[in-house]
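Below are the chains, spelled out letter by letter.
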Amino acid sequence: MSTTTLASAKPETAPQEPLALRLAALDLPVGGFTRAARADALTRLQAMGLPKGRDEYWRYTNPAAFNQPQPNALPVDESVLDSPLFTSIDRLRLVFVDGRFDAAASDELKGEGLEIASLATADAQADHWAAGVYGKLETAGQTPVARPFAALNTLAATDGVLIRVTGKVSRPVHLVYRRSDPLADVHLHHVLKLEAGSELTLLETGMVGARSNAVIEADLAKGAQLHHIAAKRAGYQKVGISQIFARVDAEALFKSFNLQVNGTLMRNESVLEIVGDDAVAHIAAAVLGDGRVGPFHQDDTVFITHAAERCESRQVYKKVLKSGARGVFQGKILVKPGAQKTDGYQISQALLLDDDSEFLAKPELEIYADDVKCSHGSTTGALDETALFYLRSRGVPKERATVLLVLSFLAAALEEVDDLRLRDEISERLDEWLTSRASELDPSGNGASAKA
Amino acid sequence: MADLGTDALEVRDGVDRETVETVQNMGSYKYGWETEIEMEYAPKGINEDIVRLISEKNEEPEWMTEWRLKAFRRWQDMTLPTWAMLDIPAIDYQDQYYYARPKSMSVKPKSLDEVDPKLLATYEKLGIPLKEQMILAGVEGAGDTPAEARKVAVDAVFDSVSVGTTFKDELAKAGVIFCSISEAVREHPELVKKYLGTVVPASDNFFSALNAAVFSDGSFVYIPPGVRCPMELSTYFRINAENTGQFERTLIIADKGSYVSYLEGCTAPKRDVAQLHAAVVEIVILEDAEVKYSTVQNWFPGDEDGKGGIYNFVTKRADCREARAKIMWTQVETGSAITWKYPSCLLRGEESQGEFYSIAITNNHQQADTGTKMIHLGKNTRSRIVSKGISAGHAQNTYRGQVSMHPKATNSRNYTQCDSLLIGDKCGAHTVPYIEVKNNSSRVEHEATTSKVDDDQLFYCRARGMDEEEAVALVVNGFCREVLQALPMEFAMEAQSLVAISLEGSVG
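Here the protein sequences come in this chain order: A and B. Counting in UniProt numbering, the first sequence runs from 1 upward without gaps. Counting in UniProt numbering, the second sequence runs from 1 upward without gaps.
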């Protein structure tokens, strides 16, 4: 892993020591059609440097684990292969092992209304339709807040999927992540280009790498619809950052839902820019963290820009935390001048199942247009003892009642999954998962419900 | 709505000429006149000699001078904070006066009778009576106020010095100390030494360090144990001199089981050049004591084009140091070109309570970044935040707040409501809350909304014969109702009319 690669990619030594070390540990691809974008990303990354713990944007999350040159080893659990999620529906499966596309394990890359290729394959060419998107939306998403790891991803991505959608794709595209190397430091970069009026459902499951940095760039033309559902397996020691950059044109619909269970350090940045009138963008997450099985720190950072009229955005974030787990939410709605009739809504809620857990939130509104309706709400608290009592008084056992209340707390986030088959599957899986741990969920630990 | 400010006088259908003229004649800022009076200044600029000079003018003991110098040295290493959503023009700290007092004050008047009549007239014109038989203006207009007028003691600060304090003797009978802080340093050094800088340390931030170095006057209040202060206390700050910064410092100590309601008002003349105001307010509240602190901030906001005005950088903090201490901050922020102000509550005592009610109105080119901090450290602590931001013209208005529930602050509660109202499409309204919850028996709720003045409500008012300005003022007053109700009556009257005046010209 070569200082030679670095030296060739980077003629001048960067002043930022940590960044130089970070880059030196990577095998930086030169790139074909992405070459210009990668060179540009390097220049930008050197200008911004790696984040520091005192950066306002990293106020609640320590970036050290992302900054260190090598990931910590994460043993590969042989018993865990593919996620059992979404197995009941017909879908186009693409398998990535340690962040490399595995053609043999995947379905044939074709489908009606779809143009699909792996980044590694396509990047052998000097010219590709994805050149118009790759690194472009990421660059646009760097203002007003720098996102160094996204620039690093554009520079260092070794693989990913490039999907161009021209029609209404009935079969969801399912990205399945697997691991084989306990030290894989993965940079995945996906590009989605949805032409006018097209529709796509993108599913993601599995575990990307020991440490992962993933970027999705999604360009939605007029009237296009994207449904994105991620249920990435985190494992207890997982360190990962994932970033979505979406550009949403007129009358388009963008929907993203993320289910996140466990993980040492997880940061999800979502940067949505609504540029055409009458568009809709919804983003939601259901998060469950248990600090007892290992440190848990999960951070959702959202930046939604309204730059057009009569658009709607919705952020729904629900976190269930226990045993020293820490949940973070930083969400911002920016309404630019002239973005009249904007309807912006944001809710972030945490259910703290015990006294050790923390929820840190910074829900922001920045508004420069007067005829808008924007609101945000944030609540934090324990399980509702009255509701628990109500259920128990009707004969529901305490453990079941707790599971039901946690599920109902998460319900509003799950409702952002439009496809009922998918929603029910996630819901059932959550129910199973919670039920198997119901005894641990009990806030008082001994069945007493006396906590005020 | 049409463009604001200069375009606002264009006559639209349905707005009769009379309305437009009324708006024109209201002449936006009522307190923009200047008192012609002979002043003496410390030399321009800031350095250790100036700090010593201010200390000397206040006849301070050595420890106080040292305290200031330490703060000044600290300040020199600090930089202007940039996190606020404010566009702060470069300030040349060497190009202003840090001390200005009327010449007639060089020999301290023994009583108010000896004070220069010009100064007394200034306060009278501002509606602030410095004669004890008079009551605070605004009450007469209240209609059905009780016949027996309520007394308000006033400490009047003119540029860098306190001109006088009323009702001192009557307050002394109750054991209450109410005087200027410079007097307190001389007369009650043990109290000042014990509490000064314990809530807002000199090194707290850039402006608190600057203030600690050069503060010239301000008010000092001590309420002894078990005493309910027999009248409301009030300080009125007036900036008059040009190119002069005002740096006042207020220290309030509410001893066990006491109660006081404190009011603060301020105005300044209309000038083209911006002026600096950096105040520090420290409040110490002991067991079972309660302090109500109300502010109507009406510094000159600058003209329609954003020229001039006061840069208001204020650090206010209350320390509920013991059990069941209670603080209530109420502020009506209508003035200043730039407002940077976050009255905060340290809830250390068990079952202590903090409340923050705020109306911030920005018009023309005003900028405000204001809010509060509720730091819950003790068990069973409670806090409530109600913030109403109104933005018009080309103004930017930000609510910035922090609610922090520490691990040991179990069974605590916070409720936060911030609403923003936008009038016109050239202004901005922003909300930047930080919510940090580190235990699960506490409950934190935060809600924020942003909207425009409701067309249906306006139409309803107009249909009943109100002109557009009146209708907007009524709707906005309704929007602010929760906060206005938290103000003492004298202030509520003033605040209500200020809301209307601050927004004039914003409806076109």
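Please keep in mind that the hints were generated in silico from the structure rather than gathered at the bench. Note that this is a predicted model, so its numbers are computed, not measured. Possibly wrong hints are sitting among the right ones.
Said to hold, decoys possible - Selected chain A positions facing chain B (in silico; Cβ < 7 Å):
no. : residue
1   : E358
2   : G377
3   : T379
Stated by the list, open to error - With a cut-off of at most 25 Å between alpha-carbon atoms, the simulated DSS-like pairs for lysine-lysine come out as follows:
no. : chain 1 : residue 1 : chain 2 : residue 2
4   : B       : K168      : B       : K57
5   : A       : K341      : B       : K426
6   : A       : K373      : B       : K452
Ideal placement from N, C-alpha and C gives every residue a C-beta, glycine not left out.
For the pair supplied as a hint, B:K168 and B:K57, confirm whether the alpha-carbon distance does not exceed 25 Å. Holds, because 23 Å separates the two Cα atoms, which is no more than 25 Å.
How about A:G377: closest beta carbon in chain B under 7 Å, or not? For A:G377, the interface hint holds, since the closest Cβ of chain B sits about 5 Å away, which is under 7 Å.
Measure nothing beyond the straight line between the CA atoms of A:K341 and B:K426; if it is 25 Å or shorter, mark the hint as holding. Satisfied, since the Cα-Cα distance of roughly 15 Å is no more than 25 Å.
Can you verify the interface hint for A:T379: is its Cβ closer than 7 Å to any Cβ in chain B? holds (5 Å)
Taking the closest Cβ pair, is A:E358 under 7 Å from chain B? Status holds, d = 5 Å.
Are A:K373 and B:K452 close enough, with their CA atoms no more than 25 Å apart? Within the cut-off at roughly 8 Å; holds.
Violated hints for the displayed structure: none, as all numbered hints are satisfied.
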